Amino acid sequence: MEKDSGLIFSAGEIREKGGLTVSRKLDPGLFAGVLEAPAEVAKASADLVFSVGGGSILLDGAVRAALRLECARCGVLFTAEFSETFDELYEDAVESIDVSGALAESVALMPPLKPLCAPACKGLCAACGADLNLKVCGCPAGHGEGFKENGKENPFRALGEPVKKKRAK
Numbered sequence: 014m015e016k017d018s019g020l021i022f023s024a025g026e027i028r029e030k031g032g033l034t035v036s037r038k039l040d041p042g043l044f045a046g047v048l049e050a051p052a053e054v055a056k057a058s059a060d061l062v063f064s065v066g067g068g069s070i071l072l073d074g075a076v077r078a079a080l081r082l083e084c085a086r087c088g089v090l091f092t093a094e095f096s097e098t099f100d101e102l103y104e105d106a107v108e109s110i111d112v113s114g115a116l117a118e119s120v121a122l123m124p125p126l127k128p129l130c131a132p133a134c135k136g137l138c139a140a141c142g143a144d145l146n147l148k149v150c151g152c153p154a155g156h157g158e159g160f161k162e163n164g165k166e167n168p169f170r171a172l173g174e175p176v177k178k179k180r181a182k
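For the sequence shown, our numbering gives the first residue as 14, with consecutive numbering after it.
Calculated directly from the structure, the hints in this document are not laboratory data. For clarity, every value in this text was computed on a predicted model and none was experimentally measured. Take these hints with a grain of salt, some might be off.
Capping the alpha-carbon separation at 30 Å, the derived lysine-lysine pairs in DSSO-like fashion look like this [claimed, not checked]:
1. K148 with K127
2. K135 with K56
3. K135 with K148
4. K38 with K135
5. K38 with K56
6. K127 with K56
Computed beta-carbon distance windows for the label pairs [to be verified]:
7. E108 with R37: 35 to 45 Å
8. G114 with F91: 21 to 31 Å
9. K30 with L147: 54 to 64 Å
Even for Gly, the Cβ is constructed at its ideal location relative to N, Cα and C.
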């Protein structure tokens with residue numbers, strides 16, 4: 014992640030003013046390497062509120078970002094909006110406050126473990142690889158259950174038998 018001088022604040026100035034409120038649009042390049050490829054930040058902004066009290070400075074922050082993600086089911090790239098809040102406490106002895114680390118941590122927490130382009134995403138056909146959101150493939154019904162690869166039957170087929178029997182009842 015790059016450093017941005019617009020995200021480094023003078024603690025002395027914050028104390029003199031009795032606090033500080035800042036809203037910033039953030040350069041997506043600031044978050045390079047924060048997310049695992051192919052995920053990336055398309056755009057981002059932050060709202061920061063610094064409060065002074067008890068010999069320390071409290072930062073309450075919120076970051077919003079549009080992330081480009083890859084669907085875990087069908088592999089299509091899509092963009093989704095996320096937001097995270099955070100707070101940090103800085104001791105009175107600090108001279109400057111760099112919020113870039115807190116922003117990067119918040120952005121890193123945004124993507125879900127299994128991003129989906131849509132909740133009803135059908136994914137890819139296990140036999141032919143067709144995107145089932147776009148078309149119905151020509152594979153026979155039940156192709157995933159007895160799917161053969163290199164002339165051998167799927168070794169996990171038997172695991173589905175108890176489920177089929179239960180559904181038949």
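Cross-check of the supplied hints:
1. The hinted pair formed by K148 and K127 meets the criterion: a straight-line CA distance of about 23 Å does not exceed 30 Å.
2. Only pairs whose Cα atoms come within 30 Å are accepted, and K135 paired with K56 is accepted, the gap being roughly 28 Å.
3. With a C-alpha separation of about 10 Å, the suggested pair K135 and K148 falls inside the 30 Å cut-off, and the hint holds.
4. The straight-line distance between the Cα atoms of K38 and K135 is roughly 36 Å, outside the 30 Å bound, and the hint therefore fails.
5. A threshold of 30 Å between alpha carbons decides the hint, and for K38 with K56 the separation of about 8 Å falls inside it, so the pair holds.
6. At most 30 Å may separate the alpha-carbon atoms for a hinted pair to count; K127 and K56 meet this at roughly 21 Å.
7. Restraint check, E108 to R37: a C-beta distance of roughly 21 Å breaks the suggested window 35 to 45 Å.
8. About 28 Å separates the C-beta atoms of G114 and F91, a value consistent with the hinted range of 21 to 31 Å.
9. Take K30 and L147: their Cβ atoms lie about 56 Å apart, and the range 54 to 64 Å holds.
Going through the hint list in order, the structure does not satisfy hints 4, 7.
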